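Colleague: Each chain is listed here by its residues.
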Amino acid sequence: MASETPRTAGAAELALELRGITKRFGAVTANEGVDFQLRRGEIHALLGENGAGKSTLMNIVYGMATPDEGEILVGGTPVSVGSPREAMAHGIGMVFQHFMLIPVMTVAENLVLGDEPRKGGMLDLAGARRRTAELSEQHGLAVNPDAKVGDVTVGQQQRVEILRALDRGAKILVLDEPTAVLTAQETAELIAVLRRLRDGGTSIVFITHKLGEVLEVADRVTVLRRGKTIETFDTAGADEVSLARAMVGRDVVLRVDKAPSTPAEPVLEIEDLRVVDDRDLPAVDGVSLTVRAGEIVALAGIDGNGQSEIVDAVAGLRPVTSGHVRIAGQDVTGRDPREVRDAGLGHIAEDRHRRGLVLPFSIAENLALRDYHASSRFGLLNPKRMLDRARGLIGEFDVRGGSAATPCSSLSGGNQQKVVVAREIAGDPKVLIAAQPTRGLDVGAIEFVHRRLLAERDKGRAILLLSLELDEVRSLADRILVIYNGRIVGETTPDASDEELGLLMTGGSSAGATGIAS
Amino acid sequence: MSTAATPPTPPAAQPEGAGSTVSGRLAEAMRDGGPILPLVTVLFAFIMGGLVVLATGHDPFSTYKAIWDGTGLKWLFPWTPSADRELAAANLQQTLITTTPLILLGFAVAYAFRAGLFNIGGQGQYTVGGVLAVWVGSSFESMPGFPHIVLAILAAVVGGAVWGGIAGLLRATTGANEVITTIMLNWIAIWIAVYLFGLGGPLQSSTQPDIPVSNDVVEAARLHVFWGDPELQGLHIGIFIALAASVLFWVLLNRSTKGYEARAVGLNPEAARYGGIRVGWTYVLVMALCGAFAGLAGSLDVLGWQFRIATNDIQISQLGFFGIAVALLGRNTAVGTVLSALLFGALLTGTSVRNLDPAVFEPEMAQNLTFVIQGIVVLLITTDVLLMQLWRRIKRGRRGDAAGEPGAVAA
Chain A
71 MASETPRTAG AAELALELRG ITKRFGAVTA NEGVDFQLRR GEIHALLGEN
121 GAGKSTLMNI VYGMATPDEG EILVGGTPVS VGSPREAMAH GIGMVFQHFM
171 LIPVMTVAEN LVLGDEPRKG GMLDLAGARR RTAELSEQHG LAVNPDAKVG
221 DVTVGQQQRV EILRALDRGA KILVLDEPTA VLTAQETAEL IAVLRRLRDG
271 GTSIVFITHK LGEVLEVADR VTVLRRGKTI ETFDTAGADE VSLARAMVGR
321 DVVLRVDKAP STPAEPVLEI EDLRVVDDRD LPAVDGVSLT VRAGEIVALA
371 GIDGNGQSEI VDAVAGLRPV TSGHVRIAGQ DVTGRDPREV RDAGLGHIAE
421 DRHRRGLVLP FSIAENLALR DYHASSRFGL LNPKRMLDRA RGLIGEFDVR
471 GGSAATPCSS LSGGNQQKVV VAREIAGDPK VLIAAQPTRG LDVGAIEFVH
521 RRLLAERDKG RAILLLSLEL DEVRSLADRI LVIYNGRIVG ETTPDASDEE
571 LGLLMTGGSS AGATGIAS
Chain B
3 MSTAATPPTP PAAQPEGAGS TVSGRLAEAM RDGGPILPLV TVLFAFIMGG
53 LVVLATGHDP FSTYKAIWDG TGLKWLFPWT PSADRELAAA NLQQTLITTT
103 PLILLGFAVA YAFRAGLFNI GGQGQYTVGG VLAVWVGSSF ESMPGFPHIV
153 LAILAAVVGG AVWGGIAGLL RATTGANEVI TTIMLNWIAI WIAVYLFGLG
203 GPLQSSTQPD IPVSNDVVEA ARLHVFWGDP ELQGLHIGIF IALAASVLFW
253 VLLNRSTKGY EARAVGLNPE AARYGGIRVG WTYVLVMALC GAFAGLAGSL
303 DVLGWQFRIA TNDIQISQLG FFGIAVALLG RNTAVGTVLS ALLFGALLTG
353 TSVRNLDPAV FEPEMAQNLT FVIQGIVVLL ITTDVLLMQL WRRIKRGRRG
403 DAAGEPGAVA A
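Note that the protein sequences, when read in sequence, are chains A and B. Here this note's numbering is used: the first residue of the first sequence is 71, the next is one more, and so on. Here this note's numbering is used: the first residue of the second sequence is 3, the next is one more, and so on.
For the record, the hints were derived by calculation from the structure and aren't laboratory data. Predicted, not measured: the structure shown is a model, and the values here were computed from it. Some hints could be false.
What the hints assert, rightly or not - So the derived label-pair ranges between C-beta atoms look like this:
id, chain 1, residue 1, chain 2, residue 2, range
1, B, Val253, A, Asp185, 46 to 56 Å
2, B, Trp193, A, Gln400, 46 to 56 Å
3, B, Ser64, A, Glu156, 43 to 53 Å
4, B, Pro37, A, Arg424, 26 to 36 Å
5, B, Phe120, A, Thr332, 51 to 61 Å
6, B, Trp189, A, Asp194, 44 to 54 Å
7, A, Ile372, B, Trp283, 36 to 46 Å
8, A, Gly90, B, Val42, 33 to 43 Å
9, A, Gly220, B, Met367, 50 to 60 Å
10, A, Asp498, B, Gly147, 54 to 64 Å
11, A, Ala334, B, Val253, 45 to 55 Å
12, A, Arg424, B, Thr175, 15 to 25 Å
Stated by the list, open to error - Here chain A is said to cover these stretches of chain B; the calculated rule only asks that three of the stretch's residues, wherever they fall, bring their Cβ under 8 Å from a Cβ of chain A:
id, segment
13, 247-258
14, 264-272
15, 276-285
Using N, Cα and C, we set each Cβ at its ideal position, and we do this for glycine too.
With these hints in hand, go ahead and build the complete structure from the sequences.
Modeller: Here it is in structure tokens:
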């Protein structure tokens, strides 16, 4: 355990201090007496599980929420932060997970938005461009002032957000899960940028639930658990296991053990499947695969190689050009989603906001989405049964932050995901498609979902796993199929090396894998 | 089944829903669009209306008093002197006669809203219902009363459902926006009706060849007047049919599988489709149901007090459009829609030529006051975000003043 009591820092040393912050939403306490100290010129990670209260805490700092109790000190002086504008006046800037940029405007236009340079009552575009270029130069964040924001990469957009905060005079920069939307390359670049900013004197709060990032980028880390500060310690000397323990409150197995599988009869059979994408271009080009009862087959590949289209086609959400899909022997090719579900498909959707949940619906209503009609009589719902069932599943799947009647929109991302997982597993499917089942989850929740999927496998379900995380693929799968450019290019086992998988996923061939001719 | 991942301590037991305290419940009501916002909106609209009256050189208080008297609502209060009660009763009957179709026309809009659709076609569906009801009601003279009425209402309901369903079908199959199609269907319905009852039209009155009007609904097919004088437009039993429809609306929306589907489609069509709901079919059903509500409204008016349809009535009727304001103000809920229908019914009656004392305010102008208030209500209710922001700012301003000591983050 690498924890230590934080050194008591002098007031002058602290850029930001929070004392005893408490915030309640109705009966839910998001923060309870949270203390937090950010030193000048440090990168401070705020680590916690989904729903631990990290974002709420920082929204309070940025004036987006008002605390019920507690005080905020900037540079040792107590301040009141009633709005983002006031936060900016105190030198606090925030970069949200979802960017607040206008895609049709240029980088320079977005950067000056809200504080536009004027010349004779008109927007001074040249001035805006100059200001962007200067800032970009000064902080070493390369951006093209004239590019339209909608045309640049997500990483670039994030830079614009950071530059905008710096432009408003931010000395304290809060980043809410900044790496969630970035590729590995962009993440590395971001980390370099943050280090430069820190060395230039900016104090940075880095909200995350990823352990590796904390160790890589942060100088110190404060762990929140269920709305309370658990501890603050230096990252030097800490490791993933100790961080995970502090965050979850118990020992966490980062990689679950699994018994060898005992596959039985084929349950999901896909035969020479062809599917086109939204632009009518072939996305799935003759894929055949079989998942047997009691095994987990992972479909590994780089995003956009046809995985999602396969899942959509199986689930009846996208038309099949040719080929066949069978669930437990029953041909479901081209059937509508209800018929495919009735044939025995469970489907943990890739995107819980767009597809997996009706966010304003209560947890109970969302849990009933696939079988509300099954328990109905005379066309009427059975609300009591829906609530009872929801209470059971909330307990079983450890959904936190609300009761059966709470709308899913007020749950944290991880708990929303648990609702989706709970519904799809509770439907007792023969085939379970798990598409990015742990996207955005913290280690504790990931462990939970992984154990659950393995338990379902051992009960004899056929599971098709889609994941972009190689670690996840390796720790869960019994067999790995690698997809590239709409075709299965190889099959391998979980002990394949990163290099081997990487080579297959980028279209190279591997000696260790049995190539499947297509 | 059990896994090792049981959490160390279960989260503190939470009562059902976040609203365990009064303030919590209040906050929830605000968030869910509870009664506070509409009430504030109405209050604001009345103040603005008062300013308009003031601008015309009249006294807003005596004008509102006269409108209030015209609505007859004071009949409900036991302290109203018995000398006034007779007039108040007659006025209240008028108010409720207008409220009856407004309730149903409100539902015709509200149900669509809950499914993410905007039904502007209430007027057309109402017209179709009225036309079919007057046709059935004025034909089959030898039919006994009860089945005759049921048949006329049924025809109107089915006709309205078809008229609404067309828009739903077009949306489901071609993606045609229901706002456009329902507006077009309004005109089609109105002009078909004008043709049918116009001079020389196929359904024009057989006894009055010089007047563009329908035949009269036969005596037996008229709805029973249970309060007031049938000769002087007493209150017919249609109000009970509308109230029964309100229960139906609530049950359908909140307790039926079709209502669940409609709400899911309205909030997230992609999630609904993923969940196995047939989105297109839901659009058709929802629009047909909306049309059925509006068609029912048309039949109740025809069988309850109009008994005939004149072509100029068809062209000037605005009732279907009032349904939009009713639904918006009622927050698309059953109770809210009934209450806001009563408000608009009272306003329309209180400012009508028949009920408003011309010595206080010219009724011709007063009717416009209703439109002003309606306009402000629609404007404000659709900009609730703005109102909420104002509210929050006021609240914060107040607290900011109170928390004067430095360092307090109570603001």
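Colleague: Now tell me, hint by hint, if it's right for this structure.
Modeller: The hints, checked one at a time:
With their beta carbons about 54 Å apart, valine 253 (chain B) and aspartate 185 (chain A) fall inside the hinted range of 46 to 56 Å. One distance hint, 46 to 56 Å for the beta-carbon pair tryptophan 193 (chain B) and glutamine 400 (chain A), holds here, with the actual separation near 52 Å. One distance hint, 43 to 53 Å for the beta-carbon pair serine 64 (chain B) and glutamate 156 (chain A), holds here, with the actual separation near 48 Å. Against the hinted window of 26 to 36 Å, the Cβ-Cβ separation of proline 37 (chain B) and arginine 424 (chain A) comes to about 33 Å, which satisfies the hint.
Taking the beta carbon of each, phenylalanine 120 (chain B) and threonine 332 (chain A) are about 56 Å apart, inside 51 to 61 Å as hinted. Against the hinted window of 44 to 54 Å, the Cβ-Cβ separation of tryptophan 189 (chain B) and aspartate 194 (chain A) comes to about 50 Å, which satisfies the hint. Between isoleucine 372 (chain A) and tryptophan 283 (chain B) the beta carbon distance is about 38 Å. The supplied range of 36 to 46 Å therefore holds. Checked against the given bound of 33 to 43 Å, the beta carbons of glycine 90 (chain A) and valine 42 (chain B), roughly 35 Å apart, stay inside it.
Distance hint check for glycine 220 (chain A) and methionine 367 (chain B): the Cβ-Cβ separation is about 52 Å, which falls inside the suggested range of 50 to 60 Å. For the hinted restraint 54 to 64 Å between aspartate 498 (chain A) and glycine 147 (chain B), the CB-CB distance of approximately 55 Å keeps it satisfied. Range check, alanine 334 (chain A) to valine 253 (chain B): Cβ separation about 46 Å, and the 45 to 55 Å hint holds. For the hinted restraint 15 to 25 Å between arginine 424 (chain A) and threonine 175 (chain B), the CB-CB distance of approximately 24 Å keeps it satisfied.
Judged by the Cβ-Cβ criterion of 8 Å, the segment 247-258 of chain B is covered by chain A as claimed, because 3 of its residues qualify and three suffice. Restraint check on the segment 264-272 of chain B versus chain A: 5 residues with Cβ-Cβ distances below 8 Å, three needed, restraint holds. Remark: the segment 276-285 of chain B is confirmed as covered by chain A, as 5 of its residues place a Cβ nearer than 8 Å to a Cβ of that chain, reaching the required three.
Figure legend: structure checked against the earlier numbered hints; every hint is met.
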